[in-house]
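Peer 1: The primary structure of each chain is shown beneath.
Number of protein chains: 2
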Amino acid sequence: MRLVIARCTVDYSGRLDAHLPEATRLIMVKADGCVAIHADGGAYKPLNWMNAPNRLIEQDNVWEVTNPGGERLVITMTELLHDSAHELGSDPGLVKDGVEKHLQELLADHPETIEEGLVLVRREHATDIGPVDLLCRDASGQAVAVEIKRKGEIDGVEQLTRYLDRIRQDPSLKDVRGILAAQAIKPQARALAAARDIDCVTIDYDALRGLEPTEPRLF
Amino acid sequence: MRLVIARCTVDYSGRLDAHLPEATRLIMVKADGCVAIHADGGAYKPLNWMNAPNRLIEQDNVWEVTNPGGERLVITMTELLHDSAHELGSDPGLVKDGVEKHLQELLADHPETIEEGLVLVRREHATDIGPVDLLCRDASGQAVAVEIKRKGEIDGVEQLTRYLDRIRQDPSLKDVRGILAAQAIKPQARALAAARDIDCVTIDYDALRGLEPTEPRLF
DNA sequence: GTGTATATCTCGGGG
DNA sequence: CCCCGAGGTATACAC
Chain A
195 MRLVIARCTV DYSGRLDAHL PEATRLIMVK ADGCVAIHAD GGAYKPLNWM
245 NAPNRLIEQD NVWEVTNPGG ERLVITMTEL LHDSAHELGS DPGLVKDGVE
295 KHLQELLADH PETIEEGLVL VRREHATDIG PVDLLCRDAS GQAVAVEIKR
345 KGEIDGVEQL TRYLDRIRQD PSLKDVRGIL AAQAIKPQAR ALAAARDIDC
395 VTIDYDALRG LEPTEPRLF
Chain B
195 MRLVIARCTV DYSGRLDAHL PEATRLIMVK ADGCVAIHAD GGAYKPLNWM
245 NAPNRLIEQD NVWEVTNPGG ERLVITMTEL LHDSAHELGS DPGLVKDGVE
295 KHLQELLADH PETIEEGLVL VRREHATDIG PVDLLCRDAS GQAVAVEIKR
345 KGEIDGVEQL TRYLDRIRQD PSLKDVRGIL AAQAIKPQAR ALAAARDIDC
395 VTIDYDALRG LEPTEPRLF
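Residue numbers (our numbering), protein chains in the order written: chain A, 195 to 413; chain B, 195 to 413.
Derived by calculation from the structure, the hints in this document are not laboratory data. Some hints here could point you the wrong way.
Pairs count within a copy or across copies, as identical chains cannot be separated in the list.
[Claimed, not checked] Below, in silico cross-link-like pairs of lysine-lysine (DSBU-like), each with a Cα-Cα straight-line distance of 35 Å or less:
1) Lys380 to Lys345
2) Lys368 to Lys290
3) Lys295 to Lys368
Please put together the full structure from these sequences, using the hints given.
Peer 2: What follows is the structure, given as structure tokens:
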């Protein structure tokens with residue numbers, strides 16, 4: 195990783211056009227060739243960036259970064275204040291706990307916590323517009339499509355609605371109903387769900403994890 | 195901005211739990227107190243981060259970053275390889291051209307490029323679930339709601355559908371129809387739009403910009 | 001503050 | 001390669 199602090203202007207042209215007036219910034223060049231330009235505020239987003247793979251041409255005080263997609267980033271440096279390189283090696287990567295995938299795994303193992311008598315038919319049931327999180331059958335034998343979210347918002351209701359439309363085109367599943375299962379569901383999502391005869395169920399993630407016999411903690 | 199290269203482990207606890215095994219990484223502390231931890235690959239996202247405002251406690255080789263929302267990031271350093279501080283000053287910020295806002299401004303000035311005879315009634319017409327980009331009337335006097343996107347995808351059709359449902363509850367607008375206007379529209383979005391009697395119109399941004407008398411180039 | 005939409009979203013997975 | 005969905009999304013803006 196190369197770290198350069200320089201007074202510079204930057205021009206990006208690609209998915210849109212963008213320009214940075216002259217100021218002092220950090221220019222980060224990583225081992226994979228990607229480039230990010232950071233100001234001294236805002237943790238997350240660089241002001242400008244180019245993802246790998248890139249071609250970087252250094253010509254005096256002008257750096258030109260291009261990528262196969264036709265995007266182009268030009269950094270014009272007027273004053274170089276720091277320039278250092280560091281060998282970091284590869285990163286083992288982030289280990290996460292508590293994302294939607296875990297919630298889906300737990301609910302697939304314990305569908306009865308969504309609704310009494312609910313039985314799993316298939317996880318990630320495929321439709322031609324994407325996979326439904328859980329396809330189940332309820333105590334009466336009726337098919338139930340379950341969309342799982344950490345946060346239940348309008349988008350989740352729209353998504354489940356699209357899936358239900360598709361699933362219902364299969365004659366054997368034409369009376370499928372929908373459930374939105376989430377750790378918390380916003381009033382707007384509840385309202386839209388109600389208008390579309392979709393049930394809402396809130397899930398207690400910690401209680402659910404307590405049902406797992408082995409308590410598979412990641413760290 | 196302070197730049198530290200160190201061999202470290204990192205633990206985050208907050209909206210989820212996350213852990214980084216020991217490796218060498220860049221730790222960036224910006225003037226506003228935010229912290230980002232970068233590996234040597236991937237331009238955009240830090241592995242872990244804490245947005246300002248933060249409280250940072252340095253205790254020997256352990257840094258503890260906490261924020262008012264109860265999130266907590268702990269960096270345990272086993273080897274310090276680089277530590278430098280740099281005065282960057284404030285950044286004038288990024289100037290952009292070609293985002294959706296510009297497209298909306300241009301189309302508001304030239305609604306006839308969307309459809310012959312179309313006349314603007316109101317930009318950002320408010321509904322109780324959000325603003326419609328353009329509300330217009332067509333040559334026959336019928337109301338038309340226009341949703342503008344740079345890229346026309348399914349979400350845009352869903353969004354316009356929700357607005358149309360709301361707008362039609364107003365008796366004076368009950369026969370409003372919808373147009374999705376975008377620089378490019380995906381087949382999936384076209385299919386969904388067709389199923390909902392929403393028209394699709396592709397927009398040539400450069401040609402549209404050429405219609406502006408003053409050619410308001412930003413840089 | 002909540003609610004909504006945008007983003008050069010990024011990133012990863014599946015066909 | 002495209003398509004789709006998740007994200008500690010972040011970020012801006014209106015109410």
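Peer 1: Against each hint, give a clear statement of whether it holds in the structure.
Peer 2: Going down the list of hints, with the structure as the test:
no. : hint             : verdict
1   : Lys380 to Lys345 : both (8 Å within a copy, 28 Å between copies)
2   : Lys368 to Lys290 : neither (38 Å within a copy, 48 Å between copies)
3   : Lys295 to Lys368 : within (28 Å within a copy, 42 Å between copies)
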